[in-house]
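Visitor: Sequence:
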Amino acid sequence: METFGERLHRAVAERGPLCVGIDPHASLLARWGLSDDIAGLERFARTVVDALADRVAVLKPQSAFFERFGSRGVAVLESTIRQSREAGALVLLDVKRGDIGSTMAAYADAYLNPASTLCSDAITVSPYLGVGSLQPAFDLAAAHGGGVFVLALTSNPEGPTVQHAVAGGGKTVAQTVIDEISQVNAGAKPLGSLGLVVGATIGDTGHDLSKVNGPLLAPGLGAQGGTPDDLRAVFGESLHNVLPSYSREVLSAGPEIAGLRSATDRVLAGVRAALG
1 METFGERLHR AVAERGPLCV GIDPHASLLA RWGLSDDIAG LERFARTVVD ALADRVAVLK
61 PQSAFFERFG SRGVAVLEST IRQSREAGAL VLLDVKRGDI GSTMAAYADA YLNPASTLCS
121 DAITVSPYLG VGSLQPAFDL AAAHGGGVFV LALTSNPEGP TVQHAVAGGG KTVAQTVIDE
181 ISQVNAGAKP LGSLGLVVGA TIGDTGHDLS KVNGPLLAPG LGAQGGTPDD LRAVFGESLH
241 NVLPSYSREV LSAGPEIAGL RSATDRVLAG VRAALG
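For the sequence shown, the residue numbers in full-length UniProt numbering are 1 to 276.
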């Protein structure tokens with residue numbers, strides 16, 4: 001069984017270092033001339049999959065934009081995950097779950113168990129009930145070759161209040177999260193299966209990412225203000241593990257498939273140049 005780290009490493013080598021979000025929020029549906037309902041959601045998601053799933057390394061559906069339509073929206077999400085994976089893209093489901101005990105185990109079962117219709121290659125999680133609370137997700141991911149991306153240094157203005165707070169031993173909360181994930185990934189080749197989410201616009205915060213040995217998801221590029229050149233300031237010597245993530249910058253080029261592909265090619269060329 002291949003690990004997620006192995007699959008991601010191969011996908012990036014073959015398709016390039018790029019993750020594209022699938023974020024069907026109301027304003028994008030309107031921009032595409034679609035109705036803000038299940039029909040619009042289905043058309044939007046299917047178009048993105050048809051345009052990009054056979055050419056980008058990772059697609060990242062944001063679960064909330066599907067969940068807002070209730071059970072029928074979740075059904076569209078299930079189809080989106082399945083179709084994306086069948087076309088060869090890895091699916092990182094952006095759910096940002098975080099809880100304890102049996103509840104965290106249930107979340108893991110929903111998204112990382114191959115028996116689930118929502119099973120994805122990897123998910124995002126929140127560590128603010130303690131990194132140890134995420135162990136059920138780590139365990140199930142390891143058992144089935146999945147991945148987990150843990151929030152570490154996010155670009156929202158409120159983030160530093162918690163993430164830069166100094167914890168025991170003089171380290172920030174974020175550095176504590178980084179170090180715990182680094183320990184789990186130690187020795188993995190070619191790449192660990194536990195990743196971190198680090199915003200592309202945060203600049204040099206003084207945190208040490210050099211020992212993570214796992215993928216570093218970098219959202220915030222494009223419409224959120226980040227540029228490929230910003231990645232050097234944030235990640236320094238860890239650039240080789242960065243997975244840049246674009247959403248609106250690419251999605252706004254729809255609804256034509258050619259437009260989505262052209263935008264994807266353009267941003268991929270930019271990140272390739274920045275990452276060397």
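The reader is advised that the hints may include incorrect statements.
[Said to hold, decoys possible] Only pairs whose alpha carbons sit at most 27 Å apart, straight line, appear in this in silico DSSO-like list of lysine-lysine:
id: 1; residue 1: Lys189; residue 2: Lys211
id: 2; residue 1: Lys96; residue 2: Lys171
id: 3; residue 1: Lys96; residue 2: Lys189
id: 4; residue 1: Lys171; residue 2: Lys211
These are calculated hints, taken from the structure and not from any lab test.
Visitor: For each hint, tell me whether it holds in the structure or not.
Guide: Each hint, compared with the structure:
{"no.": "1", "hint": "Lys189 with Lys211", "in the structure": "holds, 13 Å"}
{"no.": "2", "hint": "Lys96 with Lys171", "in the structure": "holds, 24 Å"}
{"no.": "3", "hint": "Lys96 with Lys189", "in the structure": "holds, 26 Å"}
{"no.": "4", "hint": "Lys171 with Lys211", "in the structure": "holds, 15 Å"}
Checked against the numbered hints given earlier, the structure satisfies every one of them.
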